[in-house]
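Asker: Sequence:
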Amino acid sequence: MDPVTTIRDGESGAQGVGDDPTPRQKAVLEAALSLIVDPKASLTMSSLARAASCSKESLYKWFGDRDGLLTATVRWQASKVRGVPLRRGGLDRDRLRESLEQFAADWLTVLSGETSVALNRLAIGEAAGGGGRSLGRIVALNGPVAMGRRLVPVLELGREAGLVAFDDAGEAFRDFFGLVVRDVQIRLLLGDRLDLSPEGIRADASRAARHFLALYGAEQRPDRPPSENTGKE
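Numbering (the working numbering), first residue to last: 29 to 261.
Derived from the structure by calculation, the hints contain no laboratory data. Source: prediction; values computed, not measured. Among the clues, some could well be false.
What follows is a set of in silico ranges between Cβ atoms, one per label pair, in the way DEER data are often shown [said to hold, decoys possible]:
no.: 1; residue 1: Pro51; residue 2: Ala242; range: 39 to 45 Å
no.: 2; residue 1: Glu199; residue 2: Lys68; range: 31 to 37 Å
no.: 3; residue 1: Asp93; residue 2: Pro226; range: 36 to 42 Å
no.: 4; residue 1: Leu218; residue 2: Asp66; range: 16 to 22 Å
no.: 5; residue 1: Arg210; residue 2: Glu85; range: 43 to 49 Å
no.: 6; residue 1: Asp120; residue 2: Arg165; range: 37 to 43 Å
No farther apart than 25 Å at their CA atoms in a straight line, the calculated lysine to any residue pairs in the SDA-like style are these [what the hints assert, rightly or not]:
no.: 7; residue 1: Lys54; residue 2: Arg123
no.: 8; residue 1: Lys108; residue 2: Ala246
no.: 9; residue 1: Lys108; residue 2: Gly190
no.: 10; residue 1: Lys84; residue 2: Gly96
no.: 11; residue 1: Lys68; residue 2: Asp48
no.: 12; residue 1: Lys108; residue 2: Ile229
no.: 13; residue 1: Lys68; residue 2: Thr50
no.: 14; residue 1: Lys108; residue 2: Glu247
no.: 15; residue 1: Lys54; residue 2: Gly190
no.: 16; residue 1: Lys84; residue 2: Arg116
no.: 17; residue 1: Lys54; residue 2: Ser75
no.: 18; residue 1: Lys89; residue 2: Arg110
no.: 19; residue 1: Lys89; residue 2: Arg165
Ideal placement from N, C-alpha and C gives every residue a C-beta, glycine not left out.
Using the sequences and the hints, build the whole thing.
Answerer: This is the structure we're talking about:
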């Protein structure tokens with residue numbers, strides 16, 4: 029699945045509450061995340077109605093079905109990765125680097141939290157168990173794709189400003205993904221206890237942004253054809 033192609037084709041898996049849930053809906057989505065983290069609980073419409081003190085009728089109205097609920101829950105978790113907004117005017121290398129660093133730091137903070145780890149484990153478990161459930165696809169569409177939906181416009185602004193050079197935004201995004209996430213996600217899923225302090229996350233985010241700009245900085249490719257060795261060391 030190509031995140032950027034998926035974004036541009038308009039497929040996000042979104043339904044239900046949309047991109048801007050109300051405060052009440054946000055509280056319900058936080059309750060859903062709490063149920064996912066709790067090893068003794070399971071996320072169903074009934075269990076969520078009890079945990080959130082909400083009627084099942086409201087849940088079905090907002091989310092439609094369990095897949096709609098899971099979609100909204102994953103999107104809510106992904107929305108916590110924000111980064112620094114950029115504008116076309118006055119964009120320079122330092123501002124672009126700052127935006128990439130903040131995005132990477134937010135991403136690592138969310139990804140390494142117990143909520144995201146539990147959500148990804150649930151998705152893997154459902155995929156392994158079969159039964160036709162689609163949580164894995166929901167996570168793919170509304171996790172990495174949601175990250176691409178936010179990051180690609182930043183990268184394209186950098187390209188318009190002459191700060192970075194790439195031909196394929198999807199490839200650039202995937203390289204940034206690799207620099208930020210590395211093996212952190214799989215190690216967390218396997219139970220490895222990583223030292224992901226705020227200071228460590230900030231250092232990792234700074235390193236990822238610096239390496240990305242070393243790969244894609246426009247000054248790095250002055251004599252190369254546009255498609256030659258894009259994103260390669």
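Asker: Given the hinted pair Lys84 and Gly96, is their alpha-carbon gap at most 25 Å?
Answerer: holds (14 Å)
Asker: Is the Cα-Cα distance between Lys89 and Arg165 25 Å or less?
Answerer: holds (23 Å)
Asker: For Glu199 and Lys68, compare the CB-CB distance with the range 31 to 37 Å and indicate the outcome.
Answerer: violated (43 Å)
Asker: I want to verify a distance hint. Is the separation of the beta carbons of Arg210 and Glu85 within 43 to 49 Å?
Answerer: Since the Cβ atoms of Arg210 and Glu85 sit about 44 Å apart, the hinted range of 43 to 49 Å holds.
Asker: Taking the Cβ atom of Asp120 and the Cβ atom of Arg165, is their distance within the range 37 to 43 Å?
Answerer: holds (39 Å)
Asker: Given the hint that Lys108 pairs with Ala246, does the C-alpha gap stay at or below 25 Å?
Answerer: violated (30 Å)
Asker: Starting from the hint 36 to 42 Å, judge whether the C-beta atoms of Asp93 and Pro226 obey it.
Answerer: Because 38 Å falls inside the window, the suggested range holds.
Asker: Lys108 and Ile229: Cα distance at most 25 Å?
Answerer: holds (15 Å)
Asker: Are Lys54 and Gly190 close enough, with their CA atoms no more than 25 Å apart?
Answerer: violated (39 Å)
Asker: Decide if the proposed pair is consistent with the structure: Lys54 and Arg123, CA atoms, cutoff 25 Å inclusive.
Answerer: Not OK: Lys54 and Arg123 at ~31 Å, beyond 25 Å, violated.
Asker: Using the beta carbons of Pro51 and Ala242, state whether their distance is inside 39 to 45 Å or not.
Answerer: holds (42 Å)
Asker: Check the hint pairing Lys108 with Gly190 against an upper bound of 25 Å on the C-alpha distance.
Answerer: violated (29 Å)
Hints 2, 7, 8, 9, 11, 13, 14, 15, 16, 18 from the earlier list are contradicted by this structure; the remaining hints agree with it.
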